[in-house]
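Trainee: Given chain F's structure and the hints, the job is docking chain G onto it.
2 protein chains.
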Amino acid sequence: MPTMTTKPVRRGRPGYDLESLLQVAVKLFNERGYDGTSMEDLARKLGITKSAIYYHVPSKDELLRLAVDRALDGLFAVVAEIEDVPGRAIDRLEHVLRGSVAVLVEQLPFVTLLLRVRGNTKVERAALARRREFDHLVTDLVKQAESEGDVREGLEPATVARLLFGMVNSLTEWYRPRKGSDHVDLADAVCRVAFDGIRKS
Amino acid sequence: MPTMTTKPVRRGRPGYDLESLLQVAVKLFNERGYDGTSMEDLARKLGITKSAIYYHVPSKDELLRLAVDRALDGLFAVVAEIEDVPGRAIDRLEHVLRGSVAVLVEQLPFVTLLLRVRGNTKVERAALARRREFDHLVTDLVKQAESEGDVREGLEPATVARLLFGMVNSLTEWYRPRKGSDHVDLADAVCRVAFDGIRKS
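From first to last, the protein sequence lines are chains F and G.
Oh and the first sequence: position 68 is 68 in full-length UniProt numbering, straight run, nothing missing.
Oh and the second sequence: position 110 is 110 in full-length UniProt numbering, straight run, nothing missing.
Looking at chain F on its own, in the form it has when it is part of the complex (with noise of 0.2 angstroms):
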């Protein structure tokens, strides 16, 4: 009897399952815009049926909330790593800049997406929300980094922690993979000017 490998390889189109599915959504999202994509537009760009897209998820919003999540969930994971880390708080902060800019690499397209929510659904807002409840993280860490000395006076927490990721959200806009580059790189100079600047003394 031929055991299972002698099959011939089916040649047919390839079946998704949900991450792919998930990736090719995304990408679409971003190019489109999410208001703008409909389920028959993803269903024509992945050459299913809209029913095969249903067997998956249960909705557009839900692609969408399986996609931020995944880009939170990787910027708070790097905030849960330092939580009960010793040490001052200025490299806790250099620790959460750091990973966040490897998260935008990694997670590129889902971060970007995140990015442009602006809080039409209860999706978006629930997306929004995380989003500030990050921010308010990046802020206390200023903070702390400012009462432990560590931080040049006169500069405003919020405001600091909002200059420190507009530099770091920047990415999604200007940063394209290459072969042989590299998020440490790109962490190095974010780091640099975020906490030397880029004035030479």
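The hints are simulated quantities; they were obtained by calculation from the structure and are not laboratory data.
Among these hints, one or two may not hold up.
Claimed, not checked - Derived DSS-like pairs (lysine-lysine); straight-line CA-CA distance at most 25 angstroms: (1) LYS27(F) - LYS122(G); (2) LYS122(F) - LYS27(G); (3) LYS27(F) - LYS50(F); (4) LYS122(G) - LYS143(F); (5) LYS200(F) - LYS200(G).
Mentor: This is chain G only, laid out in the frame that chain F set:
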């Protein structure tokens, strides 16, 4: 014969000139997305007919062009101010950063719209081309400052330019004008982080 000024003020719906029409259009484009806003939507919002809009402007595309050009003209005017100024490039770079913050604060809805342009139409592609030109001018300033020995070693000028404008552009995401708040304070914060970093040495 009574003078014109004694005539009672007409209390009907106010008319729109091109400027006030543009302001409302930009607000609506930012709320709903440019692609998601029709001239019909705009007419409804303004409480006038579509033909009353077409009296001022031939197309939605032309409204977008006027809006993004206002933002871009503001940014290029800042660069033009320093073109023939003697002195060190790092000081000219600081002038460009401060001036750009002022343009963002003063033309917030226009710059917000500009930063969301993705290049789907001729007008959008022209705007992206001008943005790239602006980025090149900033990168050249960073290069020059580096060659004058004023920038820390090991920072890639194009990356520096992008990170600095990542900070500046993030203002469109979080800055909301308040009474008594000042774009000078904001520019101070951006410049302190950009040039000196947040870490107290």
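Trainee: Taking the hints in turn, state whether each one holds.
Mentor: Hints, one by one, checked against the model:
no.: 1; hint: LYS27(F) - LYS122(G); result: holds (23 angstroms)
no.: 2; hint: LYS122(F) - LYS27(G); result: holds (23 angstroms)
no.: 3; hint: LYS27(F) - LYS50(F); result: holds (18 angstroms)
no.: 4; hint: LYS122(G) - LYS143(F); result: violated (46 angstroms)
no.: 5; hint: LYS200(F) - LYS200(G); result: holds (15 angstroms)
In summary, the structure is inconsistent with hint 4 from the numbered list given earlier, while agreeing with all the others.
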